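Enquirer: Take the given structure of chain E and dock chain Z to it, following the hints.
Number of protein chains: 2
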Amino acid sequence: MKHFPFKSIEGSVTAATGFKAAGVFCDIKRLGTGKGSNKGQKRDLALIVSDRPATVAGDFTTNQICAAPVKICVSRTKRGLARAVVVNSGNANACTGRQGMRDAEAMAKITASALASAGVDSITAQDVMVASTGRIGVTLPMANVRKGIGLAARQLQASIESAKHATEAIMTSDTRPKEIAVEFQMGGRTVRLGGICKGAGMIQPGMSPTGARPALRSLHATMLCFLTTDAAIDAKTLQTALNEAVAKSFNRITVDGDMSTNDTVLILANGMAENEPPALKSKEFEIFQAALDHVTLQLAKKIVLDGEGVSRFITVRVKGGKTGAEADAAARAVANSALVKASWCGGDPNWGRIICALGYSSAAVKEAAVDVGYSLPGSREIVYALKRGRPGSATFKALCRITTAKEFDLHIDLRQGKAQALMYAADLTEAYVDFNKGDVNDPSTLAG
Amino acid sequence: MKHFPFKSIEGSVTAATGFKAAGVFCDIKRLGTGKGSNKGQKRDLALIVSDRPATVAGDFTTNQICAAPVKICVSRTKRGLARAVVVNSGNANACTGRQGMRDAEAMAKITASALASAGVDSITAQDVMVASTGRIGVTLPMANVRKGIGLAARQLQASIESAKHATEAIMTSDTRPKEIAVEFQMGGRTVRLGGICKGAGMIQPGMSPTGARPALRSLHATMLCFLTTDAAIDAKTLQTALNEAVAKSFNRITVDGDMSTNDTVLILANGMAENEPPALKSKEFEIFQAALDHVTLQLAKKIVLDGEGVSRFITVRVKGGKTGAEADAAARAVANSALVKASWCGGDPNWGRIICALGYSSAAVKEAAVDVGYSLPGSREIVYALKRGRPGSATFKALCRITTAKEFDLHIDLRQGKAQALMYAADLTEAYVDFNKGDVNDPSTLAG
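Protein sequences, first through last, are from chains E and Z. Position 2 of the first sequence, counting from 1, maps to -17 under this note's numbering, and the rest follow consecutively. Position 12 of the second sequence, counting from 1, maps to -7 under this note's numbering, and the rest follow consecutively.
Next comes chain E alone, as it looks inside the complex (with noise of 0.2 Å):
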């Protein structure tokens, strides 16, 4: 990939010019969710919005079973233009049937009302994307909702704080806030690009445009990302490149191998840095695009980092596969291997279970040819376990230097092909089951 110059910059969602954001509180947590339990006052309710309408993009769970603010933002994405962004956390609004589609819609419609009444001109429930993260099949309390929408449109700010409440407000079992912007050239203008995301367990998204299922399957957890930018970029191609960007990032992480119901990607794009919209392939999209991707990339490793109990980040690497479906199935058949996470958590070097599964992984794979190896992130120096399927001559001292590291790069090369693929992976750890057993005498620390 070629360098494309652009300079982290602080903020998020309100970095780009033209956009506001607010995060309050409106005790949906309490009400609704054991997973970030609201023994505080913790913000449940976020408000993005642009100053002008905006080209939208975005990518949804392709889970079967989705929740009623996805199947919202599935519709509106097609009409490609956007002003506000509402989204709860605490309540998943997923599996709450007519109820919940109802009350997704109304929280559009109250969001479109609020911002009216706050000034914003000519806004519709058309123009406001929803969604949810939380508890399953629990009805939103909307008399909160209803109070937390207009808490959040009268809290509307431009400011570097605001931003990092709504990104506080989207949190559930995450421990810290995610945020990234970014500044960089296009055709001679200043744009600017941010975005916030959410995500702890049920991580393993497998994200489409329409929430279709894409021929190459993937599982999912919760995540939620929402991205907003001055560029000016019609929705068509904006599409594209999130398509990209997230094929990348959002689509190549799993935490516990689960694909959540709410999975949401969104990006607004509001043309404030008036630049000329870049055509597809250009250089100008080329540079977009590469921005997109970094933003992505370094909120979906942020998502991995912060996973429910996650003590150790590895960022697999698969190549040699007979086709890319196979080197896919390859590195998720050992990411999500329930042997292999817990071997990381201890730091063990060990590559019985991860061979076992490669080989029961639906890809072509061949004892005496694989390799095994692990790398420090960033170093270029690849210590072998295994060479073509032989112990390799790395002292068990030399490869624990590197796996018990707090991030390392796991190397397979199956020799089948030449087709790649990578997944960012975390371990399986004690404090994962603790926190997701909970404890049925206190119902609010259950799952729903």
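Where hints are given, some of them may not hold.
One copy or two, either will do: identical chains are not told apart, so a pair holds if it fits within one copy or between any two.
The calculated DSS-like cross-link candidates involving lysine-lysine, where the alpha carbons are at most 27 Å apart (straight line), are [said to hold, decoys possible]: (1) Lys217 <-> Lys90; (2) Lys303 <-> Lys52; (3) Lys52 <-> Lys347; (4) Lys283 <-> Lys387.
If you're looking for bench data, these hints aren't it; they were derived computationally from the structure. What you are looking at is a predicted structure, and each value in this text was computed from that prediction instead of being measured.
Expert: Quick look at chain Z alone, frame taken from chain E:
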């Protein structure tokens, strides 16, 4: 299923007429494995021998990475005749290259000559089946193996106690021996059938007679099972019966969704009951099948109950699948979801994670059609948490009364067709992670 009159009897692989067994200590575990590492002097080599040549059938892992002893068994099973089985624990002899094949062949040869010395007439290496379980990627300590085989050959007995020694010798992380025997009438003769098995981790078998991948894919963990009977039954009929029994038992269990390199089920039938060999589909064959089904199912359930860290046993019953493959995919998605399994650990009756897993499975699922219910084993009363996609009327307490039990059944109706599938599954506990993460400062605790 009709009720066939077979009765439980004491013992296992020596219950049938004409079978002897032994289990000895030859220090393979300490040299080869972390799992079940040998602090005391745990038996680690087993021998099972028939007084007369027996017909043999087998089912083996479909993992592409398969151990040397599995390769040997696959080829010998085709021949249809066997006399003895030699098994070691502590070392899987998997991913050991050509040396591994030489060692597995040597195990058979050494066994044949030790048995010849011990008075077994006209036995060759071709008559000896070989199995291994334990650490992957380390070659066998052949001096120890040779010593162990010599010892075992001298200690062979038809007693219940010697069969117990064999059962102990095949254990790795198992906490208790798993054995069973039954007696039944077949063509006017009294026939006996018994067996032993081991499991614990890397458990989701998907075996086939040749190790070739069946159309219906599945995963696994190392499980070994050795069955003996004095029934007279030809090898082809025996293989048919075994395939059927394995499909309904070992291929329906999962502890952690990992399919092992070594999964092996073998049955030897020596004809000493002197019954008329049953023809396929005859009444006599059905009696034999029912007895074999019972024996393999009981052994398979014991593997799940004694799985690493397992605290709860769940029977996942899916009906209403569009096809058998879809019903199976739905059952496996639920049975292997990290989030569902963690919630089982806590005794959580919530259905959100269950419907989420169904939604990302390859089965067609419609939210408004799905039922999720629970029952205690043996009870006909299903208490529904979800009915046609909406929460059922049962109280949380009523659901918990079932899901906090040590064993319960999970009933899922997809209402998309008439196909059914069933999985015997386990919860995911902190103890599983603790056991499998090992300790890099004590390599004997690691996975290989």
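Enquirer: Would you mind marking each hint as holding or not holding in the structure?
Expert: Now the hints, each set against the structure:
no., hint, verdict
1, Lys217 <-> Lys90, "within (26 Å within a copy, 69 Å between copies)"
2, Lys303 <-> Lys52, "between (36 Å within a copy, 24 Å between copies)"
3, Lys52 <-> Lys347, "between (43 Å within a copy, 14 Å between copies)"
4, Lys283 <-> Lys387, "within (14 Å within a copy, 38 Å between copies)"
Checked against the numbered hints above, the structure violates none of them.
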